[in-house]
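*Asks:* Now for the letters of each chain:
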Amino acid sequence: MKTLAGLGAIAVAVVASPVLAHHAYDANYIRETGSIEGVVVEVFWGNPHVHYYLEVTNDDGSTMLWDVESDNLGVMARAGWTIETLEVGDRVRVSGRLGREGRSRLALDLESVETLD
Amino acid sequence: MFIKRLVALCLAYALPALSVAQDSAFVGDWLLWVESGYEGRPAYGTLAIEATDSGLALYVEGGPVNLLELDGTRIRFDLDWVDLRDAPRLSTLSGVLENGVIQGEVTEDGADRGAWRAARLAAPNPDAPPMPVDLTGIWGEPDYIGKGVFDLTAAGRAADEAYDETLDDPILRCVSDGLIRMSHGPFDIEVVDAGNRLIMLYQDMHEVRRVYFDRGFPDGIERMNESMGYSVGRWEGSTLVIETRGLKKGVWDAPGMPISTDAVFTERWYLDDDGDLHIEFSMADPENYDRPALMHQIRSKQPDDREIPPYSCDPHPFYRGLDLEGRLDEYWGRSRYRL
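First to last, the sequence lines map onto chains G and B. Its first residue numbered 1, the first sequence is counted upward by one per residue in the working numbering. Its first residue numbered 1, the second sequence is counted upward by one per residue in the working numbering.
Rather than coming from a laboratory, the hints here were simulated on the basis of the structure. Glycine included, every Cβ here is placed at the ideal spot set by N, Cα and C. A couple of the hints might just be wrong.
Unchecked claim - Just a few of them, taken from the derived set where beta-carbon distance is under 10 Å, the chain B residues facing chain G:
{"#": "1", "residue": "PRO186"}
{"#": "2", "residue": "LEU271"}
{"#": "3", "residue": "LYS301"}
{"#": "4", "residue": "ASP314"}
{"#": "5", "residue": "GLU325"}
Stated by the list, open to error - Stretch by stretch, here's where chain B covers chain G in the computed footprint (C-beta under 8 Å, at least three residues):
{"#": "6", "segment": "78-86"}
{"#": "7", "segment": "92-105"}
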């Protein structure tokens with residue numbers, strides 16, 4: 001793993017990652033995976049896909065909002081997730097494919113989620 | 001797009017150099033089975049092998065694939081596809097034809113990726129007397145090969161190149177993705193018999209479709225422009241044949257394979273000996289494709305007590321994401337591409 005310059009909370013790795021069916025994740029995400037740590041500030045629990053918005057603190061103390069995309073409600077339910085699995089205020093570390101062109105988005109690997117604190 | 005370009009390059013350079021003796025034993029339509037490595041589920045598709053003046057031409061799901069070797073009963077070809085988890089794959093399938101079945105190994109960059117096989121598909125018999133079978137119930141999400149490259153016309157290529165899947169994809173706005181695309185999405189379908197029609201309830205986008213048996217297409221069907229079109233069914237023996245016209249202009253996969261309003265979508269639904277549902281699709285759209293696109297999928301019957309969960313959709317994360325990335329103005333500026 002290595003750390004992206006200027007973004008201390010983010011680590012990336014060149015690891016093949018399975019993606020989810022039906023949608024073109026390749027348009028929005030690169031094959032490289034990474035992880036971020038941040039605080040959940042908004043939960044979108046719905047279709048077409050569940051999203052979590054994380055406030056991530058950079059090395060210089062500034063913050064930025066990351067859009068963490070998951071899957072549709074059916075897949076989430078089968079994976080045992082509910083609207084209460086991650087809630088506003090939770091501090092988490094999550095991993096997944098990173099956004100194209102350095103965009104602050106991440107395709108969530110459900111098995112990667114760690115709740116901190 | 002990378003896979004598309006890679007395969008296009010392979011086709012451009014490799015095909016003219018190949019001088020392949022025709023082997024009529026391979027010619028025909030085959031049900032292709034490829035190990036996908038996803039929950040042990042194989043992916044299914046249609047392999048068509050045709051004799052041409054310069055040798056054999058191979059198509060999977062109606063799109064060209066690169067024949068690498070044909071030597072007696074041995075065959076080897078490349079397959080660009082998307083597996084059941086939407087992971088892009090460029091596989092090499094090597095196999096031997098024996099006792100009417102082709103089977104062998106799948107490799108990717110020299111690494112073993114499992115097995116594959118192909119068995120001949122039965123030819124349709126349009127003269128078979130109707131022998132309807134019970135297709136009602138809930139059919140689970142399909143297993144299929146997502147082919148990546150098709151023979152597009154100039155208009156098809158222009159539509160494909162103009163399409164920006166991060167902005168133009170109707171699903172992003174919770175607008176129906178249409179019959180063809182939702183036919184191979186990871187969702188269930190419930191079939192209800194209503195006498196003169198079958199009612200098909202699609203989990204995806206809560207869409208409803210009616211397949212009529214007692215009428216033809218209405219006047220003005222070419223201007224209907226509806227996401228599910230208008231479907232007319234008939235029985236050929238125990239195979240349900242459905243023809244759909246009046247589809248909305250759009251795309252039938254996420255990367256943007258186009259559909260015109262003149263597209264004709266034909267399905268053949270039949271049960272195999274295990275009670276699994278096979279659906280063969282053919283999508284003829286001369287405006288966009290030089291030859292029909294095909295699909296072959298298999299769905300399993302779900303228990304009677306299964307319930308299809310509701311599917312409500314909210315476009316909030318799409319607009320939220322564009323706002324975060326400063327791309328809202330770019331989106332507003334693409335209204336002429338909106339599907």
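*Asks:* Taking the earlier hints as the rules, which of them does this structure contradict?
*Replies:* Hints 2, 3 and 6 contradicted; others consistent.
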